[in-house]
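Once you've looked at the hints, dock chain B against the given chain A.
Taken in order, these protein sequences are the chains called A and B.
Quick note on numbering: the working numbering labels position 151 of the first sequence as 155, and the sequence is numbered without any gaps.
Quick note on numbering: the working numbering labels position 88 of the second sequence as 92, and the sequence is numbered without any gaps.
For the record, the hints were derived by calculation from the structure and aren't laboratory data.
All residues carry an ideal CB built from backbone N, CA and C; glycine is no exception.
A few of these clues could be false.
[As the list claims (entries may be wrong)] Covered by chain A, per the in silico footprint, the following chain B stretches (three or more residues, Cβ under 8 Å):
#: 1; region: 19-28
#: 2; region: 35-48
#: 3; region: 103-116
#: 4; region: 132-146
The primary structure of each chain is shown beneath.
Number of protein chains: 2
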Amino acid sequence: MKLAIASDHAAFALKAELAAWLRDEGHEVSDLGTHGEASVDYPDYGYILADAVARGEAALGVALCGSGIGISIAANRNPAVRCALVSEPLSATLARSHNDANVIALGARLTGIEMAKACIAAFLTTEFLGGRHGGRVDKLSHPPLPAAQSEPTSAGVPA
Amino acid sequence: MKLAIASDHAAFALKAELAAWLRDEGHEVSDLGTHGEASVDYPDYGYILADAVARGEAALGVALCGSGIGISIAANRNPAVRCALVSEPLSATLARSHNDANVIALGARLTGIEMAKACIAAFLTTEFLGGRHGGRVDKLSHPPLPAAQSEPTSAGVPA
Numbered sequence: 005m006k007l008a009i010a011s012d013h014a015a016f017a018l019k020a021e022l023a024a025w026l027r028d029e030g031h032e033v034s035d036l037g038t039h040g041e042a043s044v045d046y047p048d049y050g051y052i053l054a055d056a057v058a059r060g061e062a063a064l065g066v067a068l069c070g071s072g073i074g075i076s077i078a079a080n081r082n083p084a085v086r087c088a089l090v091s092e093p094l095s096a097t098l099a100r101s102h103n104d105a106n107v108i109a110l111g112a113r114l115t116g117i118e119m120a121k122a123c124i125a126a127f128l129t130t131e132f133l134g135g136r137h138g139g140r141v142d143k144l145s146h147p148p149l150p151a152a153q154s155e156p157t158s159a160g161v162p163a
Numbered sequence: 005m006k007l008a009i010a011s012d013h014a015a016f017a018l019k020a021e022l023a024a025w026l027r028d029e030g031h032e033v034s035d036l037g038t039h040g041e042a043s044v045d046y047p048d049y050g051y052i053l054a055d056a057v058a059r060g061e062a063a064l065g066v067a068l069c070g071s072g073i074g075i076s077i078a079a080n081r082n083p084a085v086r087c088a089l090v091s092e093p094l095s096a097t098l099a100r101s102h103n104d105a106n107v108i109a110l111g112a113r114l115t116g117i118e119m120a121k122a123c124i125a126a127f128l129t130t131e132f133l134g135g136r137h138g139g140r141v142d143k144l145s146h147p148p149l150p151a152a153q154s155e156p157t158s159a160g161v162p163a
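Okay, chain A solo, but in the shape it has when bound (with noise of 0.2 Å):
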């Protein structure tokens, strides 16, 4: 499979060992960065890893910072990524078949590697379930526009 897996530097040592190990069962991976252990903004690396795989560019993404949460939240600033931020197999396992997630966030200082590899594995293996999630799913590529966004159209609104 055609995976994407980007970090910040709290999670560069992590993201090594996992890239390593996904190519070793036969993954062609993408790594996006960063690529030392200089201190770096996650969102970057979110936003790098989100445009990857909304591109094409790879089936499925992984996104890695201390505790999953920064990098899980700049992903899903992208409507065409669903991230989902888990730190044990049944929620990786969920996130693809209730939420057709294709982005898996995990945090490199609360993970450790072997859960790390359960909850990859548990995401590479699980398909979508479809049927009554996939109305939900459609609605996550929709978002409303955010009011802060809008054209205002009216003055004084009270708060």
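For chain B alone, coordinates are given in the frame of chain A:
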């Protein structure tokens, strides 16, 4: 504190219990639904909650669905929202201290009531650290325009 809470049907019972507890704790809680156990779509409630937080109608939000995954993806579509899906209090603390998260997501079928309360208690009592985290959080408010929503700038770009 002014809080908002929302869930799909899978988390309706947990929402009721958490809302009652938060009111007992002295918070003003706006329950944005769902208001029964009939099947609904989690994105609708994620979007409603995100909008309430983005508009400042609530300082912080609580988002619930079966796994927490779907509603956390939906909430994070709004660039003014930083939603952290958690299953234990350390992640809830880091979500506030490092990511200035304003919505906490929990999975009703995966996280029990007392653990959910512990997560929310940690979330509500932790301050954002600012400093180096501030620039990263700012970037979460200004995602790049997704490729799918961009105007094409050139034709025939090879995949």
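*Hint by hint, which ones does the structure fall short of?*
Violated: hint 1 alone.
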